[in-house]
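Asks: Residues per chain are reported as follows:
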Amino acid sequence: MALRADFSRTFPKGPKVEATFEVELDCFSITVLFGASGCGKTTILRCLAGLDRPDAGVISADGTTWFNAPSGCFVPPRQRQVGYVFQEASLFPHLDVEGNIGFGVRSWPRQERQARIVELIQMLGLEGLERRRPADLSGGEKQRVALARALAPRPRMLLLDEPFASLDRPAAEQLRHGLRHVLQALAMPVILVTHNRDEALSLGDRLLLMREGRIRQSGSPSEVFARPDSREAAELLGFGTVVRTRVERRTGGLLGLIAGGVELFAPDPGGDFSEAYACIRGEGVSLERHGPATVTQRNRLAGSVTALHAIGPLVRVQVDCGFPLEALITTWACEDLSLAIGDPVHALIKATAVVVIPVEV
Amino acid sequence: MDLIWEGIKEALRLLFTLDREVLSITALSLALSGLATLASLVMGVGLGLVLALNRFPGKRLVISLVNTGMGLPPVVVGLFVSILLWRNGPLGMLHLLYTPMAIVIAQTVIATPIIAGLSLAALQQLPPDLRLQILTLGATRRQMVWVLIKEARLPLLAAVMAGFGGVISEVGASIMVGGNIKGSTRVLTTATVMETSKGNFDIAIALSVILLVLAFAVNAALTHLQQRRRPR
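Heads up: the protein sequence lines correspond to chains A and B, in order.
Letter by letter, the first sequence follows residues 51 to 411 of the working numbering.
Letter by letter, the second sequence follows residues -10 to 221 of the working numbering.
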């Protein structure tokens, strides 16, 4: 019981989007399609729903073909039983909340229809809003109504296209928490499109990393976030420092990598290569002004501060230590050290915080 | 000044005594323009839907043609419809020139681009994802189009109003293709022109007042319809 997709969609004078993956049906799991804006995530979702037509390949669910390029088979959206929630809720402005939720089940017998609407209103905590029009709803409420509307006809699968992108942070977080709960109870597989790292990490059971129209890497979100397998993936996944290095030596399971004239130690992933990208998350870098020279961190690099950027409660510090290094520290720590541009600092990085991606030749 | 005053008095008398001729002219005007608006509604909204829902080469050109058509001078329409319906013209064998049908055809040509252009604008104002959203909720393409029409019904009503207002008040095309024949193709506007030129200001004013009241009544009815649906 699975959805199998293996298709491509080419846009005239535009990019080509390719997708090959499977999703288990009849059980709860959230598959995250993660990638930068414009990399083809939405196209894949639309092809699955039947809103867009691939040029080549096949899509099937449970052995039923939805799309087959050679035979010209194309099952229209209404026969696919797929729920879809758009980035902007797209509610029907002239219908109230009940009317919107009931739209997909308008052909059901009156009583069943009403019972289904009540059930969904309770499930998504929309009590008291039954008679409201979309114009009188908050962004979070709108998205919950859109979700209820998509779930009403009991779809076999739910497709979510950046459902939190138009919401402010607290509203998005609240909806995110509720969402997992609701969908788990329904035993429904979900494909979620997002470019938000927090969302991918907190919601996903599986992550498909997309870049330039193709799925480049897949696995559990924590695994993919910890072990990107290409320079581009590392940048996409939020590694603040990605630097090309030369392998100087291999010793005790560690690699000695030369970047910008300094040596960086990192765990040896094995294999034969002489050049590699060293990828470091800003969170994995500590800064000190003048501390003990003997620390557990294998990498202690001298440098100077070149830029400071406040992002919420954190400060992103750019350090020049032979190569440009990014550190993410708390505002508090930044004040403690009274860091300013030009200040000399030492950057401390655990060897295990450095991800090594061999350069393919 | 006396002339105008006398004219207004006579006009009121004609109106309140329900003068037979005035009534029949009014009825004919309503019937012909109503028919033309109905035909334009079908073709105009249809064209608006085709333009709003499809992508095809030359779409921009068609849209600019429609937008140009919204301001078609009735005299020009009258001229071309006359040429078409002329006894020796391409459609001469239908013998339609100087018949009420000719007026309906000319007015349809005038109103269709108005309704098409405004329908297109109305449909394009809907959220772009709405169409796809409707499809994911189990609608057939036909049902989807119907929901879109319902969603856009207020601006579509406005389009109908604009179309009707355009044709009930035009004179150039009606006089050219209809010929202002008494009892056959004499409508409010053509009769007004004729009576004015004859110096019968009383009848001309009476006809104008009817024209204004008519335009007001139809628009008031449509407006009422619009306003009634909003709060449910």
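To be clear, the hints were calculated from the coordinates, so they are not data collected in a lab.
Just so it is clear, CB atoms sit at the ideal spot from N, CA and C, and this is done for glycine as well.
Any given hint could turn out to be false.
Said to hold, decoys possible - Ranges of calculated distance between the beta carbons of each label pair, as one might list FRET restraints:
#, chain 1, residue 1, chain 2, residue 2, range
1, A, His227, B, Thr57, 52 to 60 Å
2, B, Gly47, A, Gly88, 37 to 45 Å
3, B, Val31, A, Gln164, 50 to 58 Å
4, A, Phe78, B, Leu54, 31 to 39 Å
5, B, Val51, A, Asp56, 35 to 43 Å
6, A, Asp112, B, Pro144, 38 to 46 Å
7, A, Gly88, B, Gly60, 37 to 45 Å
8, B, Val51, A, Arg294, 34 to 42 Å
9, B, Val39, A, Ser188, 17 to 25 Å
10, B, Pro62, A, Asp56, 52 to 60 Å
Asks: Take the hints in turn and mark each one as holding or not.
Replies: Hints, verified against the model:
1. A:His227 <-> B:Thr57: 52 to 60 Å: holds, 55 Å
2. B:Gly47 <-> A:Gly88: 37 to 45 Å: About 28 Å separates the Cβ atoms of Gly47 (chain B) and Gly88 (chain A), which means 37 to 45 Å is violated.
3. B:Val31 <-> A:Gln164: 50 to 58 Å: violated, 36 Å
4. A:Phe78 <-> B:Leu54: 31 to 39 Å: violated, 53 Å
5. B:Val51 <-> A:Asp56: 35 to 43 Å: With a Cβ separation near 38 Å, Val51 (chain B) and Asp56 (chain A) satisfy 35 to 43 Å, so the hint holds.
6. A:Asp112 <-> B:Pro144: 38 to 46 Å: About 43 Å separates the Cβ atoms of Asp112 (chain A) and Pro144 (chain B), which means 38 to 46 Å holds.
7. A:Gly88 <-> B:Gly60: 37 to 45 Å: For Gly60 (chain B) against Gly88 (chain A), whose Cβ atoms are near 40 Å apart, the range 37 to 45 Å holds.
8. B:Val51 <-> A:Arg294: 34 to 42 Å: violated, 54 Å
9. B:Val39 <-> A:Ser188: 17 to 25 Å: violated, 37 Å
10. B:Pro62 <-> A:Asp56: 52 to 60 Å: holds, 59 Å
The structure fails hints 2, 3, 4, 8, 9 (numbered hints given earlier, in ascending order).
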